[in-house]
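From first to last, the protein sequence lines are chains P and W.
Last residue of the first sequence: 482 in my numbering, with the numbers rising by one and none dropped.
Last residue of the second sequence: 1489 in my numbering, with the numbers rising by one and none dropped.
Because the hints were derived from the structure by calculation, they are not lab data.
Hints may contain errors.
With beta-carbon atoms standing in for the labels, derived distance ranges [claimed, not checked]:
#1 W:1023 <-> P:351: 21 to 27 Å
#2 P:36 <-> W:1094: 25 to 31 Å
#3 P:74 <-> W:1376: 46 to 52 Å
#4 P:82 <-> W:1226: 35 to 41 Å
#5 P:310 <-> W:1083: 52 to 58 Å
#6 P:29 <-> W:1437: 34 to 40 Å
We put the CB at the ideal spot given by N, CA and C, even for glycine.
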Amino acid sequence: MERQAVKKAREAFLSGRTRALEFRLQQLTALQKMIAERQTEIATALKQDINRSQYDTPLLELIGLENDISLAIAKLAEWAAPRPVERNLLTIRDEVYIQPEPLGVVLIIGAWNYPWALTLSPLVGAIAAGNAAVVKPSELSECSSLLLRALLPRYLDQDLYPVVTGGVSETQELLKQRFDHVFYTGSGSVGRLVMEAASRHLTPVTLELGGKSPCYIDKDCDLRVACRRITWGKFTNCGQTCIAPDYILCEASIQGKVVDGIRQTLLEFYGADPKCSADYGRIINPRHFNRVMNLMEGYTAVLGGQSDASQRYIAPTVLKDVPPHSRMMQEEIFGPVLPIVTVSDMDEAIRFVNEREKPLALYIFCSDKLAVKKMIEETTSGGVTVNDVMMHYTLSSLPFGGVGQSGMGSYHGKHTFDRLSHMRACLVRSLGMESFNLARYPPQDRQRLSMYSIRGYGLPAGPMSRVYLLYALYLDWLYLTS
Amino acid sequence: MSREQSLVQRARKAFQTGKSKPLEYRLHQLRCLHRFITERRRDIADALKKDLCKSDNGTELFETMSLEGEINLAVERLAEWAAPKPVEKNLLTIADEVYIQPEPLGVVLIIGAWNYPWAITLQPLVGAIAAGNAAVIKPSEVSFHSAKVMEELLPLYLDRDLYPVVTGGVSETQELLKQRFDHVFYTGSGSVGRLVMEAASRHLTPVTLELGGKSPCYIDKDCDLRVACRRITWGKFVNCGQTCIAPDYVLCEPSIQSRVVEEMRKCIKEFYTDDPKTFEDYGRIVNQRHFKRVMALMEGNTIAIGGESDETECYIAPTILRDVKVESKVMQEEIFGPVLPIITVSGVDEAIQFINEREKPLALYIFSHDKKLIKRVIAETSSGGVLANDCLVHFTISALPFGGVGNSGMGRYHGQHSFNQLSHMRSCLIKKLNMEGVNSMRYPPHTSKKLSWARFFILKQINVGRLRRLAMLTVFSALAAFVVQRFLR
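Take these sequences, add in the hints, and give me the full structure.
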């Protein structure tokens, strides 16, 4: 079934119909329509999958998607146009440009935590770039996956953008097929398998992975505001966000205040019993529930800690004085558990971050501009937001992606378009001016060679270079008439 | 611990000291690399003569000149390339600092090729150094004189911990590929490219693969055949056809085939004399294995020009085959030798179909006076790069990204593209801890009112430039009103 879908998508792509910008715009508009018309059904599916609140769905997934689509529609002509580049003296009379082209058939493997945003945002870029795309939503968010399979063919071209649902074996079957790009969002272990499968066909990949995103809180900053923003970022979607602040680093002297700040904010956001709050989510499935519960073993929570396996509910939990080498600090938590690790100062925080794998996001809460710049300079991460969390994700002009174990490639806005296009180098010369080429033909002698090097490299167009050019032409004339 | 493992570890430790971060350090290393090329011209030319029978001028034209150009460009532009790049903001971030910061990746592995052992191995190194990385350089063992010279001399100019040269064959390369790098840059064949990417996948290491393929060359019947054939002949027989972007085969209509052959015959004579074997500027096949491979490809075809060979010297004369059948061996793999098959097609439609039935090539060449035809071929095909009315020279334009697509490769380099390819473009958003009120629309408990505010802020397209101009206009108007009030009453 998978092979059929890919074959049909390739045939549809080869028909050439995605080349016309009007077609791509029409598909993007249809996708926009789908999201606008089906909000309620999407929200219902998400409630069943992950207990997403009615407002969090548009806030966290759909508004961003709408934004992506509007931007693509508004800017497609500009993005797809040939991009002229700087010429040198050698090419001064030529057409030199980069032409964005479709790659062909893209495979998009979505994730379960934001099943709509993370599956459809790459699709927007794939459509805009003129590709066909096989969409494989995550089976863990089952209701969303089935809904997508039902809805997408009603709005988009069924052959060009098929939805393939299924689990591990269907995904493996898909990965055996040949694609022109594979876009994967998920874990590092599966990311390796995806890249290995892609290597057999020399298929380029984009891997949006994860990791432990550190959150450093400087002791001299407005802790009240910092804790509010961190609390929001951590417990949204029950901590199941790839760029959630995974753990806090702060000095021991402020640890108590941080805990208090978070406690106050939790009360404000979710009330005394988050289990009853309409806005507090659940863990996606029993396996992940058990995984997160196991990570908490042996700790006494300073906040939260309650759970209910029947609902896959884990209360917003904060742990203090967590040892740096504990199990909690070995894997990405991806749940509503926030460990605090104490450090003696910012330098120790920097060392701590650098001793570990490069994270997808780094958060720094600090009012001292110089200290912030220092921390940014002395660390690395996919992205960094200072004095807030997650917000760098929302700006489409910033490329969103990881580095090292947190991933490769980036997207959002124009970056998705560029990522899923081939940037073809084009040089259109004329068959005239053959004398310019003489220096390169054998038999090669020194004088003509140096004229060629002046023409070819480095000298921008300007008055002195014209003098050289005239001299070069004179030499050529001498040669031609000799 | 193996030699490769300890060299990589040393490079990583050297990188972690942070010494490659300051721009002055990178500029210093780049200037040392430049000095290496200018001071050791003789050694480089001698090595190339032994490896590929390259003439001195051939070496300069095709290896060191482009390298020097890349280094000069990097030195001149490094500050600009490495600077933070501010990006467009939205209403939510209007008061914030938003920019992309290029950063070093870490330790890059550069695996070079044998056909242009200096240009292809050191050009990526220029980008690696400029981007602030350490780099382990593995030149091809097939061009072993060049590899030896690189191993002996490069450490005399560059930091030997940050940029070690590792020589060796298949087993040394495999040992290297087991190590963990932050990027692997490979130039060579597709079959090895697959293995490189597979090895890299184990460490989630991104790769750049500069591979090859059969680069088609279409000659339109209504074009200046004399000039077209000159350029094609030059592009094909440079380095004895051993160029990844050499025009691999020609497509043209049967009516012009004979003229094409005649023009090329004249050019071969003009460039390489009647006896290319004795001529300084004509190269040799790199080794016996490739010599035999190329000779085997000629079997079963009509030789229009050339065909002579001498196994003892790995010499193959500039050879042109006519009326080549599509099924013949010469059309099944990249030739990478001085053999140019001509395949006849009924016109540009059939040529486009022919090209599209095959793997995406690294380069596509179109010779025609008709701009519309050229644009049509470009629009209806795909390739790494495309060059109309000339061969090879798009390689020399550093503003153009050089790389393949599909089986011809992934990623690109040259000029700033090398720098970008070997950097991490880190997104940075610097906010302040004030204006907390604005954030309330995102916090629970959620209400539809908050949501509609969120919609407004996120979806409103803001033209920051226009906003600034509007603000300035307002200030100006207020000032004008004030002046009128105060002084002109």
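We went through each hint and held it up to the structure:
no., hint, verdict
1, W:1023 <-> P:351: 21 to 27 Å, "holds (24 Å)"
2, P:36 <-> W:1094: 25 to 31 Å, "holds (27 Å)"
3, P:74 <-> W:1376: 46 to 52 Å, "violated (29 Å)"
4, P:82 <-> W:1226: 35 to 41 Å, "violated (30 Å)"
5, P:310 <-> W:1083: 52 to 58 Å, "holds (55 Å)"
6, P:29 <-> W:1437: 34 to 40 Å, "holds (36 Å)"
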